[in-house]
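Let the hints inform the model, and build the full structure from the sequences given.
Which chain is which? The protein sequence lines are B and Y, in order. The numbering used here puts the first residue of the first sequence at 2, with every later residue one more than the last. The numbering used here puts the first residue of the second sequence at 155, with every later residue one more than the last.
Since the hints were derived computationally from the structure, they do not count as laboratory data. There's no promise every hint is true.
Stretch-level coverage of chain Y by chain B, calculated; a stretch enters the list once three of its residues show a Cβ under 8 Å from a Cβ in chain B [to be verified]: (1) 236-246; (2) 264-273; (3) 277-291.
Built from N, CA and C at the ideal position, the CB exists for glycine as well.
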Amino acid sequence: MIQGHLRRFPLFDAFTDEEVRRLEAVMVAERVRSGTLLTREGDPADGPGAVIFLVLAGEVVVWQKASGRGARHGLGSGSLIGVVAAAVDAPRTATAHAGPGCMVARLTRGDLEQLRRGDPVVFVKLQVALGAQMARDLRALGKRLATGPSDAREGAR
Amino acid sequence: MPASSPSPVHPSLVRLFGAADADLVAPHLAPFAWSAGDVVVEEGAPQPWLYALLDGAVAVRVGDEVVADVAAPALLGEVGFADGGPASATVIATAACVGGRVSRMELSSLIGANPEAAAAIVHHANAALASRLVAAEGVAAGEAPRVGRRAWLRDALARALGAA
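Below is the structure:
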């Protein structure tokens, strides 16, 4: 489990302290060596590893092969990796590697199913948080598209 | 929050949500009816509603340009519903429309009262968001054509922002 991390992130503002504690109880925190592969673009999201990663510290570097020349950027603490795969059970949309000083919390498909069955309020609030991040990503992508395609690359959600 | 819903469940709601989720969700959608020409969402205005458009059609306008025509059944407004931000486009009914809607505030209440119904609503809204995000990333991955670049960008923007 993780403790005392989620309150730092606005994404979880709608959770009560008790709900945060229950969500943290099912998440597993891990320091990850720089360069470690977290997700691979095109892989199924329901493999043995996590569906969703929350970056707790450091950075995750993401890369989208499908973007032609390749989009590469970093996502810092508070970022969620894998929200699209979690929402629609789709293959991974990007490859993600741990950057320097990276610490992540993992949620597996089994964790999500456990929450759905055993703690539906926390499960729905987590889904709401995932939706909010996708909406913000869409708005950001829309703004970049409006200013020009060369700056329009974003991924790994 | 509405105490009851139209019965039986509208077939378009079943197409949008699936039979089981439609039964869960229907009692929590407030019915709406729009006439052709109604401006139902204004770009930049608060937009806390998720709309399930069950019959009819709307045009989506960004600035002065119509960027998409959307026919029922469709979900509208999922971006603002998800993040509480303003509407990113204007939506105008182009035909008589009926459907059901739920607000962010109503969803918050529903999470405590009926988390299964709330989960069904959020699941389908998130699926729509995910599909739009993947489509927009695909567009962003392409190259803007030298001719018709403005139209290309408008199309990309529409895909990225969705209907509202």
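Structure-based check of each hint:
no.: 1; hint: 236-246; result: holds (count 5)
no.: 2; hint: 264-273; result: holds (count 6)
no.: 3; hint: 277-291; result: holds (count 12)
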